[in-house]
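Order-wise, the sequence lines are chains A and B. Sequential numbering of the first sequence, starting at 3, is according to our numbering. Sequential numbering of the second sequence, starting at 3, is according to our numbering.
Note that these hints are calculated values from the structure, not bench results. Beta carbons are placed, not taken as given, at the ideal position from N, Cα and C, and that holds for glycine. Treat the hints with care, as some may be off.
[Said to hold, decoys possible] Quick list of in silico lysine to any residue cross-link-like pairs, SDA-like style, CA-CA up to 20 angstroms:
| hint | chain 1 | residue 1 | chain 2 | residue 2 |
| --- | --- | --- | --- | --- |
| 1 | B | LYS141 | A | VAL69 |
| 2 | B | LYS142 | A | ARG23 |
| 3 | B | LYS142 | A | LYS12 |
| 4 | B | LYS114 | A | THR104 |
| 5 | A | LYS141 | A | ASP40 |
| 6 | A | LYS142 | A | THR90 |
| 7 | A | LYS141 | B | GLU129 |
| 8 | A | LYS19 | A | VAL69 |
| 9 | B | LYS142 | A | VAL24 |
| 10 | A | LYS141 | B | LYS19 |
| 11 | B | LYS26 | B | GLU49 |
| 12 | A | LYS12 | A | VAL24 |
| 13 | A | LYS141 | A | PHE81 |
| 14 | A | LYS142 | B | GLN117 |
[Said to hold, decoys possible] Facing chain A, from chain B, some residues (calculated, C-beta under 8 angstroms):
| hint | residue |
| --- | --- |
| 15 | TYR64 |
| 16 | LEU67 |
| 17 | VAL69 |
| 18 | HIS96 |
| 19 | ILE99 |
| 20 | ILE108 |
| 21 | SER112 |
| 22 | ILE115 |
| 23 | ILE122 |
| 24 | GLU129 |
| 25 | HIS132 |
| 26 | LEU137 |
| 27 | CYS139 |
| 28 | ARG140 |
[Claimed, not checked] Beyond 10 angstroms from chain A on every Cβ pair, some chain B residues (computed):
| hint | residue |
| --- | --- |
| 29 | ILE22 |
| 30 | GLY127 |
| 31 | HIS133 |
Protein chains: 2
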Amino acid sequence: MSNETETTEKMTAALRKAGIRVTKQRLALMQVLAEASDHPDAIELHERAKSVEPSVSLATVYRTLSVLEEGGVVHRHAFEGGGARFETTHEEHHDHILDVDTGEVIEFHSDKIEQLQEEIARALGYEVVHHRLELYCRKKR
Amino acid sequence: MSNETETTEKMTAALRKAGIRVTKQRLALMQVLAEASDHPDAIELHERAKSVEPSVSLATVYRTLSVLEEGGVVHRHAFEGGGARFETTHEEHHDHILDVDTGEVIEFHSDKIEQLQEEIARALGYEVVHHRLELYCRKKR
DNA sequence: AATGCTTATGAGAACCATTCACAACTGTAA
DNA sequence: TTACAGTTGTGAATGGTTCTCATAAGCATT
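With the sequences and hints as input, model every part of the structure.
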């Protein structure tokens with residue numbers, strides 16, 4: 003059994019379980035997302051998905067991404083400049099460093115910062131629903 | 003001498019100093035910005051500016067906001083949902099809490115968080131050019 | 001005050017990412 | 001295999017923002 007078939011079967015099972023119909027378009031996009039280690043935008047995901055399954059339309063990419071986002075499978079990021087970029091949800095929450103010169107995205111996490119955020123919100127009578135922390139950076143030389 | 007005239011003169015001087023032509027549209031928008039204590043978007047600023055000087059067009063609002071942003075007079079924020087929102091640059095840098103129910107914006111600042119950000123970036127070989135920290139919150143009850 | 005040069009303006013078209021509308025198609029359960 | 005609800009591709013619509021271009025206005029110089 004090839005790896006491809008294996009992942010496809012897993013995805014099929016996951017969709018069935020969630021009561022979402024298994025279509026070739028959805029499988030193609032999910033495969034592309036699973037293989038992506040960067041943070042592609044919808045256009046890029048559309049390109050990649052088309053090379054797996056040519057019948058995928060951009061509208062379906064957007065529709066599927068919304069479904070997957072609601073299901074907690076992917077995260078949508080609105081970094082500065084350009085459209086939304088996506089990544090598959092993985093184990094740990096993290097924030098992002100963006101290289102302002104290359105556009106590269108680096109992930110990081112700080113419990114201390116998260117804790118301080120909670121404290122600040124609490125002191126003002128709020129509780130944090132979610133947050134956005136992006137460091138726009140330049141490589142030191 | 004009325005207060006209005008006084009601020010108008012100050013703004014006129016500031017524009018002249020920066021080598022930017024003084025127009026009634028720019029004065030109107032700057033007055034509106036100076037009076038705003040919230041974080042209005044371009045449409046809202048256009049509404050307010052029109053009530054001061056009816057000839058202000060939306061295009062000019064956008065153009066002027068860009069000029070003022072480049073000059074460091076205003077900050078542009080891209081919070082989740084809807085268009086950009088603006089505020090006049092004041093003394094201290096700060097981040098934002100957004101009430102997810104009301105859309106209200108609260109400003110806060112944490113030296114500790116800023117310091118941790120620097121440390122994290124430095125450890126990864128980067129220096130922070132600017133950052134974005136937004137806490138999407140709900141009022142505690 | 002009139003001149004001339006340059007920049008700013010209003011109106012509406014253009015843009016771009018994203019969503020929508022709808023008729024055709026397809027997955028799924030019976 | 002059928003029937004029906006969920007999904008799809010296409011192309012049009014949307015909404016915020018920027019652009020184009022002819023006209024208007026600011027400002028330094030007479």
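Taking the hints in turn, this is what the structure says about them:
no. : hint                 : in the structure
1   : LYS141/B to VAL69/A  : violated, 28 angstroms
2   : LYS142/B to ARG23/A  : violated, 39 angstroms
3   : LYS142/B to LYS12/A  : violated, 40 angstroms
4   : LYS114/B to THR104/A : violated, 28 angstroms
5   : LYS141/A to ASP40/A  : holds, 19 angstroms
6   : LYS142/A to THR90/A  : violated, 29 angstroms
7   : LYS141/A to GLU129/B : holds, 6 angstroms
8   : LYS19/A to VAL69/A   : holds, 14 angstroms
9   : LYS142/B to VAL24/A  : violated, 41 angstroms
10  : LYS141/A to LYS19/B  : violated, 35 angstroms
11  : LYS26/B to GLU49/B   : holds, 15 angstroms
12  : LYS12/A to VAL24/A   : holds, 11 angstroms
13  : LYS141/A to PHE81/A  : holds, 18 angstroms
14  : LYS142/A to GLN117/B : holds, 17 angstroms
15  : TYR64                : violated, 17 angstroms
16  : LEU67                : violated, 16 angstroms
17  : VAL69                : violated, 19 angstroms
18  : HIS96                : violated, 11 angstroms
19  : ILE99                : holds, 6 angstroms
20  : ILE108               : holds, 6 angstroms
21  : SER112               : holds, 6 angstroms
22  : ILE115               : holds, 5 angstroms
23  : ILE122               : holds, 6 angstroms
24  : GLU129               : holds, 5 angstroms
25  : HIS132               : holds, 5 angstroms
26  : LEU137               : holds, 5 angstroms
27  : CYS139               : holds, 4 angstroms
28  : ARG140               : holds, 5 angstroms
29  : ILE22                : holds, 26 angstroms
30  : GLY127               : violated, 5 angstroms
31  : HIS133               : violated, 5 angstroms
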